[in-house]
Amino acid sequence: MSLQSIKLVDEKETRAGFGDGIFEVAAKNSKVIALTADLAGSLKLNKFIKEFPNRFIQCGIAEANMMGIAAGLTIGGYIPYTTTFANFSTGRVYDQIRQSIAYSNKNVKICASHAGLTLGEDGATHQILEDIGLMKMLPGMTVIVPCDYNQTKQATMAIADYFGPVYLRFGRPKWANFSSTDSNSFIIGKAQYFSHGTDITIFACGHLVWKAIEAGKILEQKGLSVEVINVHTIKPIDTASVLESIRKTKCAVTCEEHNIIGGLGDAIAQISARHQPIPIEYVGTLDTFGESGKPTELLKKYGLDTVNIVQAAEKVVQRKKDNKK
Amino acid sequence: MSPHINDIVELEKVAVQIRRDIVRMVHQVQSGHPGGSLGCTDLLVALYFRIMRYEKSFNMDGRNEDLFFLSNGHISPVFYATLARAGFFDPSELHTFRKINARLQGHPTTHDHLPGVRMSSGSLGQGVSVAIGAAMSKKLNQDDKLVYCLTGDGELQEGQIWEGLMFASHHQVDNLIMLIDHNGQQIDGPTKTVMNLANCKDKLLAFGWFVIEMNGNNMNEVVDSLEYAVTCTKKSQPVAIVMTTIMGKGVDFMEGTHEWHGIAPNDEQLVKALKQLPSIMKDY
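So the sequences go chain by chain: Z and D.
Letter 128 of the first sequence, counting from 1, is numbered 127 in numbering that gives the first Met the number 0, and no numbers are missing.
Letter 58 of the second sequence, counting from 1, is numbered 57 in numbering that gives the first Met the number 0, and no numbers are missing.
Read the hints as simulated data drawn from the structure, not as lab findings.
Incorrect hints may have been included.
[As the list claims (entries may be wrong)] Capping the alpha-carbon separation at 30 angstroms, the derived lysine-lysine pairs in DSBU-like fashion look like this:
1. D:K234 x D:K138
2. Z:K49 x D:K138
3. Z:K30 x D:K271
4. Z:K30 x D:K234
These numbers come from a predicted model, not from an experiment.
With the rest of the complex left out, here is chain Z:
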C-alpha cells in the first residue's frame, strides 16, 4: 500500500458519521437508545429521532444527570449513547462517569463531538484538549478516536456489540473522508496501517490521520520510507502493532488534536519506554488552551499542520541517526 494511492473521496463531518452510524445500528439493534443534553442537532440525531422517537431521551442542559440516566438504562439491557460536546462529555461530568459508569461497569457509550481545536470559532471554553487523557485514565474505559466520516460511522455501529463503557471522540468540521467503508477495515483495538515503511513510523488519531498521510506523502517524495498508522483505539491500545512497527523503524512521530500530555503520544511513549526505547517527537498542543479562529488557522497556529508533522519526522530521523554515531 502506497500513501500516494490514498485519495480524498469527499469532505464530510465526522459527527455526521456518528449520526448516520447510530441511525443504522438502531435499525438493527432495538436496545440502542440515544440521549442528548440539548445538542441533538449538533450531533446529527435528526434522522434517528424521526425514525425512533421512543428511543430518544432529551435530558436538557444537565449533563451530570444524563450520565446517571444512561447508567441506569443499562439495567434492563439498553445500550445508551450519550451525546454532547466533548468538553461536556468528559471534564464536566468526570466523577459521574468515574463512579456511575466506569467503576459500575455500565455499558454506556459516551459519544463526544466538537473535540479539539477544530471546533473553531467558539474558542477555548469548548475546545477540550484534555479529554483523551481524562478518559483513558479510567480503568475499564475504551477510548476510540476515528479518523474520518466513514470510520466514525463504522465505530458508532461497532460499539453497540462491544460490551463495556466506551468514549467515542469525533469533531465538528467538514474533513477529509478517505478511509475504507469495508466493514473489516475497522476493528476496535486494532491499529490501522495506511502504509508500510522502514525509516519512520507516524502514529496518528482523529483528524490528524489525514494530516499524517499528507505529511507521509511529502516525506516519501523526499526519499524516506514511511509507516503511517492510525491508532483509532487509544485504549486498549494495539501494543503488538506499535511494537512491531517501532522495532522496525526505530523512531516515531505521534500526531493528535490533543494536549501532548495525556494523549496518544503518551500512550505510544509508554510502550516504547517499557519495551523498545526509541526517539519520539510529538505533534499536539503544548499544554495550552486554544482560542477562537477557523479550524485550519488554529491547526497552523498551534503546530498541528502537515508541515509540523514533516518537520517533526525529519527531526526524529536525525535524532535516530545521531544516536547511532
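Dock chain D against the given chain Z, drawing on the hints supplied.
Coordinates of chain D only, in the frame set by chain Z:
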C-alpha cells in the same frame, strides 16, 4: 422469592438484629458510618422484608423485580446487613466489611459482584439519576415493577439531584419512589447550619413531584406510607417520601447528633450499645 413479613412486631425484630449487625460491623473494623445506617434501618427492613418483590438469585437486569438503589452509599452497613439478612449472601460475610480482599467495600460497588448491588455509590448525588434511568428502562421493557432510591438530606445539596428531579417530572417517570432520609444532620453539623435545605417538601412539590411525609422510625408508619406510596405510582408523577428519622436511632448515646455520622464505637460503647439491641436472629 423475597420474604414477606406481615407482622409489624416481627419486622421490628428484624430491625433490631440489623441494628445490632451494624454496630458490630462498624466496631469490628473501627470505621464506617453507624449514624445514618441506624436511622434508615426501619426503612430498609420494610422494603426488603415486606414491600419489594425480588429474586434472591441476583441478576443485574432485575427484570420483573422491584429495584432498590442506595445513593447515600456511606450507609453501606445497613445496606449490607439488610441484603445478608434478606438472603442475598451469607451473613458471615459481614465479618469482611471494609477489609482487604472483600466484596463489602466501604462504599457499595458492583465492581466485586456483591449480590444486591446494582451501582457504585459514595460520591453523593448520583444515585437518583441512575434510579430514574433504571425506572425508564423498566417502562421501555414494559416491566411493571417499581424502582426505589434512598438519598440523604445533606445529599440534596448536590446539584445533580435537582437535575434529576426536574428530569423525572418532565418525563413523567412515575414508577419511581424516592426516599429522603431527613435526619437534619451531616458531617459538619446540623443541615440547618451547614446549608439550610429549608422546606424539602415545598421544593419537591415545586419540581413537580408527588410528596408524602412519614416518620421513618415507626415501623407501622413506614409500612403504611410505603404501601400508600405504591398506590400513588403510575399516575404520571414521580413519588417522593420525605422521612423524618433520628440519626443513630436505637442506640441512645448515638441518637440525634452528627457526632456519630462516621465514628465507630469503642469496646465499652459497643457493650453499651448491644445491651439495647438484643440478638434476635443468630449473630453473624
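Now for the hints, and whether the structure bears them out:
| no. | hint | verdict |
| --- | --- | --- |
| 1 | D:K234 x D:K138 | 13 angstroms, holds |
| 2 | Z:K49 x D:K138 | 20 angstroms, holds |
| 3 | Z:K30 x D:K271 | 54 angstroms, violated |
| 4 | Z:K30 x D:K234 | 26 angstroms, holds |
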